[in-house]
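Those protein sequences? They're chains X and G, same order as listed. Just so we're aligned: 295 in the numbering used here is position 295 of the first sequence, and the numbers increase by one with no gaps anywhere. Just so we're aligned: 1139 in the numbering used here is position 139 of the second sequence, and the numbers increase by one with no gaps anywhere.
Derived by calculation from the structure, the hints in this document are not laboratory data. No experiment lies behind these values; they were computed from the predicted model shown. It is possible that some hints are incorrect.
To be verified - Label pairs and their in silico Cβ distance ranges:
| id | chain 1 | residue 1 | chain 2 | residue 2 | range |
| --- | --- | --- | --- | --- | --- |
| 1 | G | Val1130 | X | Ile296 | 33 to 39 Å |
| 2 | X | Val283 | G | Asn1182 | 42 to 48 Å |
| 3 | X | Pro142 | G | Asn1182 | 48 to 54 Å |
| 4 | X | Met204 | G | Trp1155 | 36 to 42 Å |
| 5 | X | Pro142 | G | Lys1126 | 54 to 60 Å |
| 6 | X | Val178 | G | Ile1147 | 54 to 60 Å |
| 7 | G | Val1272 | X | Ile27 | 51 to 57 Å |
| 8 | X | Asn245 | G | Trp1155 | 35 to 41 Å |
| 9 | X | Ile296 | G | Leu1072 | 19 to 25 Å |
| 10 | X | Arg143 | G | Ile1002 | 32 to 38 Å |
| 11 | X | Leu83 | G | Glu1171 | 57 to 63 Å |
| 12 | G | Tyr1128 | X | Ile296 | 49 to 55 Å |
Stated by the list, open to error - Partner residues are not named here, just some residues of chain G that face chain X (Cβ under 10 Å, in silico):
| id | residue |
| --- | --- |
| 13 | Ser1096 |
| 14 | Phe1156 |
| 15 | Ser1158 |
| 16 | Ala1165 |
| 17 | Ile1229 |
| 18 | Pro1263 |
| 19 | Leu1275 |
All C-beta atoms, glycine included, are put in the ideal place defined by N, C-alpha and C.
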Amino acid sequence: MMDIKKLLKNNRVQFGIVLVAAFFLPIFVKDASVMHVAILVLLYIILSLGLEIALGITDLFSLCHAAFYGMGAYVSALLSIHLGWSFWVTLPIAALSAGLFGLLIGLPALRTKGDYLAIATLGFGEIFRLILVNGGEFTRGPRGLTGIARPVLFGLDFTNKNVYYYIILFVTVIIFLVVYNIPRTFFGRALMAIRDDEDAAAFMGIRISRYKVAAFAISGLIAGIAGAFYAHYICYISPDTFVYNDSITILTMVLIGGGGTVIGPVLGAVLLTILPELLRSFVEYRMLIYGLIVVIMMQIRPHGILGGMNTRISYLESLMKPGEQKGKKEKEV
Amino acid sequence: MILQIIVNGLTLGCTYALIALGYSMVYGSLRFINFAHGDVYMWGACFGLIFARIGNIPFPVALILTMICTGLLGVTVEFLAYRRLRNVPRVVVTASALGASIVLSNLARVVVGAETYAVPAFFETKYYTVGNLVFNSLQFVLLGCSIVLMIVLNWFISKSKYGKAIRATSENMDVTNLMGINTNLIISITFFIGSALAGAAGLLIGIYYDAVYSTMGYMAGMKAFTSAILGGIGSIPGAMLGGLILGQIESFGTTYISSSMGPAIAFAVLIVVLLVKPTGLFGAEDVHSNRV
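Just chain X, with the same shape it has in the complex (with noise of 0.2 Å):
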């Protein structure tokens, strides 16, 4: 027995649990909305795990992350539409641009910190939308771009959810890997010891700049990529896809799972997904719900459900000692 609980607590063994689980899902349901679901539930987890390089690892606050899933979108969208190439060329150049989008966005990260960060990406989101909407003929403004080809892979059948479901899954499985990897790398360390304290991760030699841009840009990349399936997948995209409201859904993802963990984002991603379908029946208080129960997580877990094991103070110490850490540094996650 003791055995079984052991290797239940064995990270692998976890994340072998649940990809079986993810991989068997479409075999038990049936029903094409739950699938469609699912399929958002896997977006949404490329989207916090972009976001938690910036801000769970690197702590760059970042409210423009729906942006970033735009471009990526739009570029995929646009590149199909205007000059017919297949969503596998576009779907590495939608990834780059976004990426590189990150990067412009990422040079103001140089000289503003923590809020002042989120309010400037908060401003580059708003201007983005600005520009999809007074964008004439090339992005159709408000009414959207429609008619966007579905991939085309081996005569695979993509008017199948399911077929999606498994792309997407592949998908998500390497860019997890890859995200919860970064930690053990250099490029990791480094960037969680500019989270830690800037200034001995300089004294240490890290190039503060760059390595900042670079979380920045790579997590801009990984949203593009979700940007571009979430076009293809759906066929219509409109500004209206890609505003703050769905940069805040992201953040709390990732705050409410827990940022600085990689699986509390996934967590988060699956949890805040899924609650608002669950919440459908209640059409009018839905968003009231889901507001209460992100200030009352905040209260009661300000470190996110799987945080405290990265952090150094938890809720309850700070409440316990409260004069203990005034003198110290403010961490942000």
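Let chain X serve as the given structure and place chain G on it in line with the hints.
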């Protein structure tokens, strides 16, 4: 023509300044962006709508009632969503504020409704023409109320006992606590004043544009925040001046560049200020900017 643009910008700028004061005061004492502030402003407009619909309430009474209601709303939000989060990372408090903002705007959707509502008039609007310049009595009321409120606030902050306590709290909360001042009470007062001013702005703008809707808080909040940053966050004269400047920029921008890009101009200003002089016009030196 230019005078007309300036007058329009001034009316806009005064309301931005009123909302910006709340952001600035809260940021000064608690050091986080109260994202729910824009929705408190929206609630001000909703309360105004409710009082106007009841009818037979004179305008000054409606204004004062709205300010009290939104003030209490702000205090409640602070008590429920922020009070227990004093010693946690600021990202968490900001997330809590974002959640509170979702709650407030959707509460308005449930209570008031999801449509855009017209506000029944409190008084008759008269139009005055001086040369080419056209302005109406609403603009006078808006300007007058904003200026009076700002003067009263300035007196309160610089001269009264509580104002001194507010300034002391924003300077150093721990030391203020040691001096025997109840900082929790002072923060509640800060929230009350900030939210009451935002509520007044909401009521005035609701009447001015004759439109109240549950999502009006976001854009106004963002612009007010831009004003607060422009003037130097934490500084009260800064917030006022920032609001007036932003009002002019937007008024000129929408006339000479493009009306649909108005918000984008405001955000571009925000980003430029953050990059060039993040401390704003009146900000303290180097509060958050860091080395590269």
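Evaluation of the provided hints:
As the Cβ distance of valine 1130 (chain G) to isoleucine 296 (chain X) is approximately 55 Å, the hint placing it in 33 to 39 Å is violated. The beta-carbon spacing between valine 283 (chain X) and asparagine 1182 (chain G), approximately 43 Å, falls within the hinted interval of 42 to 48 Å. Proline 142 (chain X) and asparagine 1182 (chain G) have their C-beta atoms about 51 Å apart, which keeps the hinted 48 to 54 Å range intact. Against the hinted window of 36 to 42 Å, the Cβ-Cβ separation of methionine 204 (chain X) and tryptophan 1155 (chain G) comes to about 51 Å, which falls outside the hint.
In this structure, proline 142 (chain X) and lysine 1126 (chain G) break the distance hint of 54 to 60 Å, their C-beta atoms being roughly 37 Å apart. Valine 178 (chain X) and isoleucine 1147 (chain G) have their C-beta atoms about 57 Å apart, which keeps the hinted 54 to 60 Å range intact. Separation of valine 1272 (chain G) from isoleucine 27 (chain X) is about 55 Å and conforms to the stated range, judged on CB atoms against 51 to 57 Å. A beta carbon spacing of about 40 Å between asparagine 245 (chain X) and tryptophan 1155 (chain G) agrees with the range 35 to 41 Å that was offered as a hint.
Range check, isoleucine 296 (chain X) to leucine 1072 (chain G): about 21 Å between beta-carbon atoms, so the 19 to 25 Å window is met. In this structure the hint that arginine 143 (chain X) and isoleucine 1002 (chain G) lie 32 to 38 Å apart at CB holds, the actual value being about 36 Å. For the pair leucine 83 (chain X) and glutamate 1171 (chain G), the supplied restraint of 57 to 63 Å holds, since their beta-carbon distance comes to about 60 Å. Our hint of 49 to 55 Å for tyrosine 1128 (chain G) and isoleucine 296 (chain X) holds, since their Cβ atoms are close to 52 Å apart.
Below 10 Å, beta-carbon pairs count as interface contacts, and serine 1096 (chain G) has one with chain X at about 4 Å; its hint therefore holds. Interface restraint check: phenylalanine 1156 (chain G) against chain X, minimum CB-CB distance 26 Å, threshold 10 Å, status violated. Because the smallest distance between the Cβ of serine 1158 (chain G) and any Cβ of chain X comes to about 26 Å, over 10 Å, the interface hint for this residue is violated. A cut of 10 Å between beta carbons decides the hint on alanine 1165 (chain G): the least distance to chain X is about 19 Å, and the hint is violated.
About 7 Å separates the beta-carbon of isoleucine 1229 (chain G) from the nearest beta-carbon of chain X, less than 10 Å, and the hint is met. For proline 1263 (chain G), the interface hint holds, the least distance from its beta-carbon to any beta-carbon of chain X being 6 Å, beneath 10 Å. Of the supplied interface hints, the one on leucine 1275 (chain G) holds, with its beta-carbon coming within about 6 Å of a beta-carbon of chain X, less than 10 Å.
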